[in-house]
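**Q** Let's have the full structure, built from the sequences with the hints guiding it.
Here the protein sequences come in this chain order: A and B. Just so it is clear: in the first sequence, position 442 is 442 by the numbering used here, and no numbers are missing. Position in the second sequence (from 1) plus 1000 gives the number in the numbering used here.
There could be a bad hint or two in this list.
To be verified - Within a straight-line C-alpha distance of at most 25 Å, the following computed DSS-like cross-link-like pairs (lysine-lysine) qualify:
{"#": "1", "chain 1": "A", "residue 1": "333", "chain 2": "A", "residue 2": "251"}
{"#": "2", "chain 1": "A", "residue 1": "26", "chain 2": "A", "residue 2": "36"}
{"#": "3", "chain 1": "B", "residue 1": "1302", "chain 2": "B", "residue 2": "1337"}
{"#": "4", "chain 1": "A", "residue 1": "87", "chain 2": "B", "residue 2": "1337"}
{"#": "5", "chain 1": "B", "residue 1": "1259", "chain 2": "A", "residue 2": "161"}
{"#": "6", "chain 1": "B", "residue 1": "1292", "chain 2": "B", "residue 2": "1302"}
{"#": "7", "chain 1": "B", "residue 1": "1337", "chain 2": "B", "residue 2": "1292"}
{"#": "8", "chain 1": "B", "residue 1": "1302", "chain 2": "A", "residue 2": "87"}
Derived from the structure by calculation, the hints contain no laboratory data.
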Amino acid sequence: MTDTNMDGPATPQRKNSLMAPDARTKQRNAAEARFKAYGIIAILIGVFFLVVLAASILRNGLPAFTQTVVELEFTLTEEQYNDAESKVLKTAAYKEFLVTAFRENLSERGVEVPFDESAIDRIVGQAGNTLRTYFRANEDQLGQPVTFSLGASSRVDGYFKGRVTREDLSNSRFLNAEDLDIVDVLADVGIMKQQFNWTFVTGKDAGVDNPGGAGIGASVIGSFFMMLVVLMLALPIGVAASIYLEEFAPKNRWTDLIEVNISNLAAVPSIVFGILGLAVFIQLAGLPQSAPLVGGLVLTLMTLPTIIISTRASLKAVPPSIRSAALGVGASKMQSVFHHVLPLAMPGILTGTIIGLAQALGETAPLLLIGMVGFVAREYPDGIVSGFTDANSAMPAQIYTWAARADQAFYEKAWGGIIVLLVFLLAMNVLAIILRRRFERRW
Amino acid sequence: MSYLKISASAFALAAVSATAVAAQSRDNVQIAGSSTVLPYASIVAEAYGANTDFPTPVVESGGSSAGLARFCEGVGENTVDIANASRAIRESEIETCAANGVEDIIEVRIGYDGIVFASQINGPEFTAFEATDWFNALAAELPVDGAMVANPNTTWADVNADLPAVEIAAFIPGTKHGTREVFEENVLRVGCEVSGAMEAMVATGMSEDDAEDACIAVRADGASVDIDGDYTETLARIESNPDGLGVFGLSFYENNTDKLKVATMGGVAPNTDTISSGEYPVSRPLFFYVKKAHIGVIPGLKEYASFFVSDEIAGPNGPLANYGLVSDPELAATQEKVANETTMSEEM
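**A** Structural data, given as structure tokens:
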């Protein structure tokens, strides 16, 4: 404390004890307290937005996991089945059977509700495909009573979930307020009820007139295979490149140039990689369109810089004494790297890889040009090779497609898809944390 | 050491699978194009997958122009088989196609789509429009006293005293959409001609062509916003702006009648009847274009085309009409055309 430059009376001698803070100490303590408060406020702001985001995702998305179904028991004769099979639009032929089934099920329960055939069309969604698929697979069930849970149409589903009110229907062509009277009766007698929506979790995309039949399952598989390609290619290439650049490469103009370019590549907009993918992988190499393999290759290009940069950083973080010690006891350069440096850098490499994969998992833009965004509703792949090569969508692409559709039911599904995407991401992160724990070494 | 082995085997695996894949032929129909046709195409594709033994076709969107550009890239399995379009193919696109070896194109008209003008359901009373209203509200420059001046109208009441006195805020499709072209031709140009602005423009010494261009030039001062995304984006803009007016497809509006109210155009309310009779002035045909060279090479391509235009699908009681497509009265001729694989050059 040198206050000699001050004029006037000298600073008063410290009168109180060291235990009682003087004015300047108080000032410093106050500054520290303020800084802590700023920090807490910053965290609170972050937490607030996180809570708002999570709450709105859950609020909008959770309804997608339940579905209103119509539970009907009915018998289809072989004659009726063959009659339906003879038509061009076989799935539409089941509509009249449904009307009869409705009448029978209602009279069985002793309820009399007048309704016309077109009302059934508006209440039950596109049920034909479910029925046809079932009877094609189980022809022995023809002529026997079978109970089906058929998805209700999107507006009836919305009515059960509170998304659609009677007032909303005043001008609608797809459902009348009178239809809801029938729906109320059906719900009362237990023909209509809500249940967990397995179709959404396991199914594939459906046409815009069939939101009840749309699911995200197939695109989860698509994303999974893409991530597999990215992991298999980006990790070895990225790690090999970083080890060479960090441990072996001479420091000269060329390596500097490569380094600058890798950093630049990390900042390239992802759509550019999509254009490259279309030109190189599809048009030049002749790989199939809309295939997870191509999607994975494109995303690999996008992920490589992230992995290289983080791997180099974690290699740099390994203390030089480890390398010197290894070399000192007679290890070759390669032995020192692979036996000592790389295992120590592994946790950092894994973190970088997971960040890269998570980024790749959420990308839609590069997939736009290689045909994975749009209406891709293929069956589940029947093997590993077809998983890579058969047309498929990816989760973010599916969510984007649903969000753009006119029917509000798809909007709900888009939010539901976000939940599935986040769960997938969470699973990936948990796996990374477990692996990191196992590899982690302290010294 | 094991790491090197892993990376080496990963490379080998990738190389092997890549060659195996390249040798494998495509078994599904690949479609790209208009986002207006996409909903209809998705209905047909799903039904096609469910009703036939062929795999479900893949339908990409991205706009008519983008789709036709990909269509015209050439012939071969790594190009698309069908382009969806919300406008007819242009002469320049046919030339590009021919230059790349795509010479035989089958044009298939699937039906008509209405373009409607809608606003927030609780917003100002936008109930009736004339084409001239839209022209005077959106034109970049208007002829005033023999000279072209920047559009002075700021509220709809400035344009037409019967309209609400709220600021002009129109959300119209961007230039990459086929819908924009129809909007320009059937609304702005018609409004320009009917209001006499076109004559006035020619009178100021403009050439006929320049006057036509000036008719469809949209103001860029913020009163009109180009929407490059889908109708959902337009809907979101309308929901956040009570005075906003949007341009939608009929089927999109019908799916969102709880949020939107539609205005009449020229005194006619848009619905499937007025559109198919031609009374409602703003409608356009929707098409898809088939690469004839791919028929017989890509399994299920011709079957898809005939399935699409069959009475059960595209007819007046089919699922497409149910969703909002105005079915084509001349569907039978189209069916015949698909059956005979009549190309565009043979039609002429």
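**Q** Straight-line Cα separation of residue 1292 (chain B) and residue 1302 (chain B) no greater than 25 Å?
**A** Roughly 9 Å separates the two Cα atoms, so the pair holds.
**Q** Taking 25 Å as the top limit, are the C-alpha atoms of residue 1302 (chain B) and residue 1337 (chain B) close enough?
**A** OK: residue 1302 (chain B) and residue 1337 (chain B) at ~11 Å, within 25 Å.
**Q** Tell me if the straight-line CA distance from residue 333 (chain A) to residue 251 (chain A) falls inside 25 Å.
**A** holds (17 Å)
**Q** Holds or violated: are the alpha carbons of residue 26 (chain A) and residue 36 (chain A) at most 25 Å from each other?
**A** holds (15 Å)
**Q** Between the alpha carbons of residue 1302 (chain B) and residue 87 (chain A), is the straight-line distance 25 Å or under?
**A** holds (18 Å)
**Q** Does residue 1337 (chain B) lie within 25 Å of residue 87 (chain A) when you go C-alpha to C-alpha?
**A** holds (22 Å)
**Q** Under the criterion that the straight-line Cα-Cα distance not exceed 25 Å, is the pair residue 1259 (chain B), residue 161 (chain A) satisfied?
**A** It holds: about 18 Å lies between the C-alpha atoms, which stays within 25 Å.
**Q** Going straight from one Cα to the other, do residue 1337 (chain B) and residue 1292 (chain B) come out at no more than 25 Å?
**A** holds (12 Å)
Hint compliance for this structure: every hint is met.
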